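2 protein chains.
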Amino acid sequence: MDEKTTIKPYVIGLDLGGTNSVFGIVDSRGDIKATTAIKTQGFDKVEDYVNACVEALEVIIEQVGGIDNIKAMGIGAPNGNYYNGTIEFAPNLSWGHNGVVPLAQLFQDRLGVPVALTNDANAAAIGEMIYGVARGMKNFIVITLGTGVGSGIVINGQLVYGCDGFAGELGHVIMERENGRSCGCGRKGCLEAYCSATGVARSAREFLLKSDQPSLLREMNPDDITSLDVSIAAGKGDELAKEVFEFTGEMLGAACADFAAFSSPEAFIFFGGLVKAGDLIMDPIKRSYEEKVLPIFKGKAKFLISGLDGASAAVLGASAIGWEI
Amino acid sequence: MDEKTTIKPYVIGLDLGGTNSVFGIVDSRGDIKATTAIKTQGFDKVEDYVNACVEALEVIIEQVGGIDNIKAMGIGAPNGNYYNGTIEFAPNLSWGHNGVVPLAQLFQDRLGVPVALTNDANAAAIGEMIYGVARGMKNFIVITLGTGVGSGIVINGQLVYGCDGFAGELGHVIMERENGRSCGCGRKGCLEAYCSATGVARSAREFLLKSDQPSLLREMNPDDITSLDVSIAAGKGDELAKEVFEFTGEMLGAACADFAAFSSPEAFIFFGGLVKAGDLIMDPIKRSYEEKVLPIFKGKAKFLISGLDGASAAVLGASAIGWEI
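Protein chains in written order, with our numbering: chain A, 125 to 449; chain B, 125 to 449.
Hints were generated in silico from the structure; no laboratory data involved.
Note that the structure is a prediction, hence the values are computed from the model and not measured.
Please note that the accuracy of each hint is not assured.
Note that identical chains are pooled: a pair holds if it fits in a single copy or bridges any two copies.
What the hints assert, rightly or not - The calculated lysine-lysine pairs, modelled on DSSO-like cross-linking and capped at a C-alpha distance of 27 angstroms, are: (1) K312 x K426; (2) K157 x K334; (3) K312 x K416; (4) K132 x K334; (5) K360 x K416; (6) K312 x K422; (7) K312 x K424; (8) K195 x K334; (9) K195 x K132; (10) K424 x K132; (11) K400 x K195; (12) K132 x K360.
With these hints in hand, go ahead and build the complete structure from the sequences.
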């Protein structure tokens with residue numbers, strides 16, 4: 125290796141979302157030194173998207189003393205494949221929905237630093253290991269509760285990518301084998317269909333329909349109910365809304381009990397929008413887990429909320445991939 | 125390290141079962157050079173058991189040229205904990221049922237070679253990696269179908285032990301969340317309650333009760349039916365017996381689909397008594413898996429039968445742990 129021995133103090137993180145692409149330049153303690161963003165959509169070709177990114181990046185790279193201070197770049201992206209640095213058939217990206225886009229290579233060619241890419245849940249897991257609550261842990265699972273349910277699994281200190289780069293799809297284990305809810309993946313009964321933000325809103329609508337129990341949520345058009353509304357109502361003591369979180373947490377706890385049988389992690393770390401509900405969701409998760417898990421695992425796993433700052437968590441996670449290169 | 129540079133060509137394997145303790149001295153290609161066995165039970169103290177083992181071992185160690193030719197010893201044992209070399213609260217061992225027995229250390233002190241210990245399914249997984257069908261694979265799952273359902277999981281070329289040494293209990297993921305069968309672990313609906321040898325016999329009894337379908341199995345006392353009887357009847361074309369295997373394989377395929385969402389293995393490798401049913405069990409496993417797995421994983425995983433010779437598979441697996449030290 126011909127690598128220079130001068131220490132390069134920063135990495136670039138790119139949180140590539142369906143709407144915005146958010147960049148941060150981050151030091152080894154997880155302090156964001158500079159940040160910028162562009163819209164993800166509106167580009168027909170990936171090259172145009174990368175051009176717009178690099179143009180925005182040049183400004184903040186200059187702010188930290190130039191590209192010589194940058195060790196690497198990490199990208200957290202939907203359908204990201206770590207092994208070959210590609211985004212594969214990402215349905216929500218105008219320039220990436222119908223093929224395999226070698227995004228890491230394109231950035232690497234333009235910036236002249238190593239670039240690695242993975243999906244956002246894996247990025248969150250590495251972020252927790254490097255800057256967050258999983259520092260020092262070798263075996264843990266990050267579960268992201270957002271629009272979908274994602275996961276990043278760390279075993280023996282390494283992220284689990286599997287034989288094809290797509291391991292860690294714990295949102296798609298089957299929780300209801302009969303009459304399960306339809307899931308976006310085309311199957312039925314997936315964890316994601318119940319425990320994502322949209323799953324929680326759907327549970328609320330189902331609970332409202334199947335009883336006459338009074339609820340603040342009855343004042344809304346059912347179709348407009350979001351997980352945030354359920355969370356606010358539960359926070360005000362609304363019984364039906366609390367039952368929705370109880371139901372959601374109970375299923376997540378049952379799922380984690382199965383995950384323990386797989387990898388016996390030291391901790392389950394929850395990340396994403398739904399986690400803002402705090403104890404409303406965490407208490408039933410823990411209770412259900414301890415009740416359902418195989419006796420040998422009882423009382424061993426910690427249940428933690430992400431230690432990454434909410435607003436910049438995704439960028440921090442993406443940047444963390446850069447330190448792993 | 126002061127280790128001698130002379131090559132030590134053999135390892136000792138001990139397959140510690142509830143009835144017999146079988147020893148083999150094995151070379152790096154998996155050829156068993158010498159073998160012996162003693163009864164596992166009949167000892168009040170573990171020291172007496174180890175004394176009897178060493179006495180039997182001395183004879184075969186001499187046959188391969190003495191202890192200087194032995195690199196290490198590997199033990200596959202129920203409730204074996206790799207991290208500290210102990211057997212913990214093994215219900216079926218007269219000298220090990222009520223405490224934590226430091227078995228690896230006891231053998232190490234007597235033999236003067238390094239000794240490692242794990243449970244039998246983990247031993248089988250390392251055996252497949254070193255001598256069997258998983259040579260060259262970095263990500264695979266061994267599922268043992270015997271009296272129970274066990275598993276050994278390899279990710280990134282390493283066995284998964286988890287934070288406490290007890291990971292890989294895939295026989296105890298929950299397959300039926302409502303009205304599931306009672307499992308030996310004290311819970312309900314575990315994979316093991318359906319897909320172990322005893323689970324298959326139980327399915328046969330259930331199938332016989334719930335229909336009037338003619339079957340060769342009706343000639344037996346229902347309580348005497350074993351998985352082997354079901355296998356023999358199915359082999360003769362018995363429709364009810366074939367349905368039992370169909371049911372069993374379908375559930376195993378569904379379970380493997382969930383396991384793929386976890387670690388996306390290159391292969392699932394089946395090991396143990398039930399595997400002797402061959403295509404009767406393997407065909408429905410594959411069919412059910414491909415039907416149920418998340419689209420991104422379809423067609424990727426291989427479904428293999430253990431490559432270790434049946435009679436000596438457990439000893440080979442145990443010995444393989446020795447090469448990993």
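Going down the list of hints, with the structure as the test:
1. Only between protomers do K312 and K426 lie at most 27 angstroms apart by alpha-carbon distance; the minimum there is 24 angstroms, versus 30 angstroms within a single protomer.
2. Neither within a single protomer nor between protomers do K157 and K334 lie at most 27 angstroms apart by alpha-carbon distance, with minima of 51 angstroms and 69 angstroms respectively.
3. Proximity of K312 and K416 under a CA criterion of 27 angstroms is satisfied in both settings, with 23 angstroms inside one chain copy and 10 angstroms between copies.
4. When the C-alpha separation of K132 and K334 is checked against a cutoff of 27 angstroms, the pair qualifies neither within a copy, at 59 angstroms, nor between copies, at 71 angstroms.
5. Taking the closest pair of Cα atoms, K360 and K416 never come within 27 angstroms of each other, the shortest separation being 29 angstroms inside a single copy and 41 angstroms across copies.
6. Within a single copy, K312 and K422 get their C-alpha atoms only as close as 30 angstroms, which misses the 27 angstroms cut-off; across copies the closest is 16 angstroms, which meets it.
7. For the homomeric pair K312 and K424, the shortest alpha-carbon distance between copies (21 angstroms) is at most 27 angstroms, but the shortest distance inside one copy (32 angstroms) is not.
8. Taking the shortest alpha-carbon separations for K195 and K334, neither the intra-copy value of 56 angstroms nor the inter-copy value of 67 angstroms comes in at or below 27 angstroms.
9. In this assembly of identical chains, K195 and K132 lie within 27 angstroms of each other by CA distance solely inside one copy; the values are 5 angstroms within and 45 angstroms between copies.
10. Neither within a single protomer nor between protomers do K424 and K132 lie at most 27 angstroms apart by alpha-carbon distance, with minima of 39 angstroms and 40 angstroms respectively.
11. Proximity of K400 and K195 under a CA criterion of 27 angstroms is satisfied in neither setting, with 33 angstroms inside one chain copy and 55 angstroms between copies.
12. Taking the closest pair of Cα atoms, K132 and K360 never come within 27 angstroms of each other, the shortest separation being 49 angstroms inside a single copy and 70 angstroms across copies.
The earlier numbered hints that this structure contradicts are 2, 4, 5, 8, 10, 11 and 12.
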